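J.: Place chain W on chain B using the hints.
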Amino acid sequence: MLNKVTESAIDAMSHINDGATILIGGFGLAGQPAELIDALIERNAKDLTIVSNNAGNGETGLALLLKSGCVRKIICSFPRQHDSYIFDDLYRAGKIELEVVPQGTLAARMQAGGSGLGAIYTPTAYGTLLAEGKETRTIDGKNYVLEYPIKADFALIKAFQGDRWGNLTYRKAARNFGPIMAAASNHTIAQVSEVVELGVLDPEHIITPGIFVHEVVCIEGEAS
Amino acid sequence: MSDYTPRSVDEIAKRVAQDIEEGMYVNLGIGQPTRVADFLPKDKDIFLHSENGVLGMGPAPEEADRDGDLINAGKQYITLLKGGSYFHHGDSFAMIRGGHIDLCVLGAFEVAENGDIANWFLGRPKDIPAVGGAMDLAVGAKKVYVIMDHVSKNGDPKIVENLKLPITGEKCVNRIYTDLAVIDITEQGLMVRDMVDGLTFDELQAKTGAALQQP
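Residue numbers (this note's numbering), protein chains in the order written: chain B, 1 to 224; chain W, 225 to 439.
These are calculated hints, taken from the structure and not from any lab test.
Note that the structure is predicted; figures quoted are calculated from it, not measured.
In this text, a Cβ means the ideal position worked out from N, Cα and C, and glycines have one as well.
Heads up, some of the hints might be wrong.
[As the list claims (entries may be wrong)] Reference listing, derived: stretches of chain W covered by chain B, where coverage requires no fewer than 3 residues with Cβ under 8 Å from a Cβ of chain B: (1) 263-277; (2) 282-294; (3) 316-322; (4) 391-403; (5) 424-430.
Chain B extracted, bound-state conformation (with noise of 0.2 Å):
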């Protein structure tokens, strides 16, 4: 009998290796694995590249994350918050190694990466910093910039309601990023507030099939 249903959210993190490329679901707070990144912080693992759309808030989750010094380089479209001090201060001081992608380019990216392309044209960001020295293609009049995938060793996602065979549900905007990570990655955990049996879910609301996720850890009394 397959289960997908890991104990602990430490026992989640026992595969994940130094220079692991890891992406970390989440808007800000919503829809971010806190317990998972905790359990990623116990685990120490070095040389981190971390893809997420923000660089933490305040000193939980990934802020506390990337405080560990386990993280050498970040992806990401928002960096810069007003409590975003932890990733500032890194930043500022050449501790940490940033690459700014714009929002929609984040996610097409690893879309792409999830679905098995060799990279997305892209009108965003033509004619800008961020699309200095990419290669650009003019289509149909339009100008677009060559973008390549992103693809991860590992996915940190949050989401709602799981089962066994590792179909999720998810709460509101903490959807975001979540059902993109877990096809981005080739192994992707997910901490959701609760498990339920097989075929309780209805098929119809189930947002990422379980084919994308090969951990669900419950998280107690998470549920909003």
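T.: Then chain W, alone, in the frame of chain B:
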């Protein structure tokens, strides 16, 4: 100098809201553009899109009803209207890049007379670049309106012939709403649509870094 009162932040937002029609799908940028929502007519169906995966965004909730999973692009608590929906970032930016969003309202540091916009990065040594969805919105929305002060804190024009700051998107701004005027960017150049009472065209021109025209 003649006697005039610049539009307040709320008055500018109200002025933008007047130009938004029933049935439009609209993305309001972070900061000042967000305030346009407060002045949209309640009797019209206007759909607010938030790039973190919300369509049909409603007003801010009461404190007791705040939900950490329901925020807008500025990470403020929001509500969802009846008929609203959630979706992932891929679909959200398909709406933007795919030309399904009728109008986006952005803030800006500078706008050039050809519609180039700079609003993401000042480029000084200590600044941290952060673009978010601005470049996608600039190229993707069918129309881009800008809200900004007419001049900078130092009195320098923010409407210019050529951008001095790093560009966000090329030739994408259709209209600029400032504290002094509403200006369309047209094939014929910068066309002044309205000005605050008491301001003369020559005074407005003196505060603008590119040639203005009157229809």
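J.: Okay, the stretch 424-430 of chain W and chain B, do three or more residues pass the C-beta test at under 8 Å?
T.: n = 0 at 8 Å, threshold three: violated.
J.: Can you take a look at whether the stretch 391-403 of chain W is actually covered by chain B? Rule is 3+ residues, C-beta closer than 8 Å.
T.: holds (count 4)
J.: Taking a Cβ-Cβ distance under 8 Å as contact, does the stretch 263-277 of chain W have three or more residues in contact with chain B?
T.: With 4 residues in contact (Cβ-Cβ under 8 Å with chain B), the coverage given for the stretch 263-277 of chain W holds.
J.: Just to make sure I understand the rule, a stretch counts as covered if three or more of its residues have a C-beta closer than 8 Å to a C-beta of the chain. Does the stretch 282-294 of chain W meet that for chain B?
T.: holds (count 4)
J.: Do three or more residues of the stretch 316-322 of chain W come closer than 8 Å to chain B, measuring C-beta to C-beta?
T.: holds (count 4)
Figure legend: structure checked against the earlier numbered hints; the only hint not met is number 5.
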